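J.: Sequence:
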Amino acid sequence: MAKIKAIRGMNDILPDQTPVWQYVESTVRKVLGQYGYQEIRMPIVEQTELFKRSIGEVTDIVEKEMYTFEDRNGDSLTLRPEGTAGCVRAAEEHGLLFNQTRRLWYTGPMFRHERPQKGRYRQFHQIGVECFGMAGPDIDAELLILTARLWSALGLTGHARLEINSIGTSESRKVYREALVAYLQQYKDRLDEDSQRRLETNPLRILDSKDPATREVLVNAPVLDDYLDEESRNHFSQLKALLDAAGVAYTVNPALVRGLDYYGKTVFEWITDSLGAQGTICAGGRYDGLVQQLGGKPTDAVGFAMGIERLILLLETLELVPDYVNNQADIYVTAMGDIATAPALALAEDLRTAMPSAVVVGHCGGGSFKSQMKKADRSGARYAVILGENEIRNQTAGLKPLRDDQPQREVPQAELAAELAKLV
RNA sequence: GUGGACGUAGCUCAGCUGGUAGAGCUCAGGAUUGUGACUCCUGCGGUCGAGGGUUCGAACCCCUUCGUCCACCCCA
Numbered sequence: 010m011a012k013i014k015a016i017r018g019m020n021d022i023l024p025d026q027t028p029v030w031q032y033v034e035s036t037v038r039k040v041l042g043q044y045g046y047q048e049i050r051m052p053i054v055e056q057t058e059l060f061k062r063s064i065g066e067v068t069d070i071v072e073k074e075m076y077t078f079e080d081r082n083g084d085s086l087t088l089r090p091e092g093t094a095g096c097v098r099a100a101e102e103h104g105l106l107f108n109q110t111r112r113l114w115y116t117g118p119m120f121r122h123e124r125p126q127k128g129r130y131r132q133f134h135q136i137g138v139e140c141f142g143m144a145g146p147d148i149d150a151e152l153l154i155l156t157a158r159l160w161s162a163l164g165l166t167g168h169a170r171l172e173i174n175s176i177g178t179s180e181s182r183k184v185y186r187e188a189l190v191a192y193l194q195q196y197k198d199r200l201d202e203d204s205q206r207r208l209e210t211n212p213l214r215i216l217d218s219k220d221p222a223t224r225e226v227l228v229n230a231p232v233l234d235d236y237l238d239e240e241s242r243n244h245f246s247q248l249k250a251l252l253d254a255a256g257v258a259y260t261v262n263p264a265l266v267r268g269l270d271y272y273g274k275t276v277f278e279w280i281t282d283s284l285g286a287q288g289t290i291c292a293g294g295r296y297d298g299l300v301q302q303l304g305g306k307p308t309d310a311v312g313f314a315m316g317i318e319r320l321i322l323l324l325e326t327l328e329l330v331p332d333y334v335n336n337q338a339d340i341y342v343t344a345m346g347d348i349a350t351a352p353a354l355a356l357a358e359d360l361r362t363a364m365p366s367a368v369v370v371g372h373c374g375g376g377s378f379k380s381q382m383k384k385a386d387r388s389g390a391r392y393a394v395i396l397g398e399n400e401i402r403n404q405t406a407g408l409k410p411l412r413d414d415q416p417q418r419e420v421p422q423a424e425l426a427a428e429l430a431k432l433v
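Per this note's numbering, the very first residue in the first sequence carries number 10; after that it's consecutive.
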């Protein structure tokens, strides 16, 4: 019988991995909380139509990467490939957007049927942040300042660079797209294969082609900046001024376009060079038209998503995960022989009551005393508490430091908690 | 979807021109009646990813398939 294995590209996150996940999630939670952002939780499955209408019919995501299936009643449902669409749907559906401003965030798994590689999986996890009802560049700036603070909290400052661009309103972008396509059509045979295809699918993507011949053609191509409407241009220059004032470094990348149709005006990416091909750890932009497009009232909006796997990969590559994150135990309580089992359980409970934040691991499962000490060592605990016949007779416990050369002491059981509280 | 590399013990990997499976780590026990980390000894542990073919004989050669990794595409 062949063993059943996990689905390709969908990974188990094992016990030695969960501490760093919790570390990242709690850090993000803390920083977002500082800015007054509220958490929202949406279903993982939505009507397929939601993603088609928001992400765009001709994007790769919708065309070939969605996990779409029929519900038992015949409805077409899809495992969410990203969070913005569902967030907008939920917020609109429950009246969270009308005549008010909102700062929301969420986290959870997303699903895209792509070929897995480093930093890219079929089930992956994002932390998404979405802001509604704020038209000005101040909220764009707040989001970027917030991410900069998050990098600082994680020790990542200097390891990711910020690229920004303005792709204008959908109207001005449409005019530009036509001009670009018209220009490139003249040199179609000089473009690389991928870019020829992109002429039909996603012309703006050709701008960051790596092919030398294509790059040569692009030298004289129309520039998006020349086609920007006045409002987008002002918005962008104000944003740059706000970032300058806040001390957030950035570079303007005119070739930066986003893959999802709903973006307009501000777009940005935080990129690292330490992860190979999948170097974008955080990306987003403004999507003022989406709420209306999904049937709501016109509502300005801006947001971004971070890839948690990529963030963790980066932290581990740079060895930035603090040691305390992986420490499993503070105190390990041994029990020598059957006679010590009940007293050891009771003593460990006393310790937990007296030191609520300490991790007190009690030995279970028998084994020689030697092996118990070995496990105490492996647990990472700073102190071993030793309970055997002698200690029980004397109402004491052995207190043995495991991380320095201090000698072992005999402490009355009644005083042990107070004694350890001083040390841990 | 395309290209390349790779699948051998729980983990990291050796295994020569084809001759019948190895090491280190981990784990258990011992040297040390009740004391971890260092050392030494012993032991547990494998359908060599799966299926087929060639051969007296395949972990090794051939085909198919599944999976992993990296890159392209695309994206977090």
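Everything labelled a hint here was simulated from the structure, so no lab data went into it.
The structure displayed is predicted, hence computed values, not measured ones.
It is possible that part of the hints are untrue.
[What the hints assert, rightly or not] So the derived label-pair ranges between C-beta atoms look like this:
1. Q205 x P331: 29 to 35 Å
2. Q47 x N82: 31 to 37 Å
3. E325 x I13: 38 to 44 Å
4. D147 x L329: 28 to 34 Å
5. R412 x E358: 39 to 45 Å
6. P125 x G346: 32 to 38 Å
For glycine and all other residues, C-beta sits at the position ideal for the given N, C-alpha and C.
J.: Identify every previously stated hint that the structure contradicts and give their numbers, smallest first.
T.: 1, 3, 5 and 6
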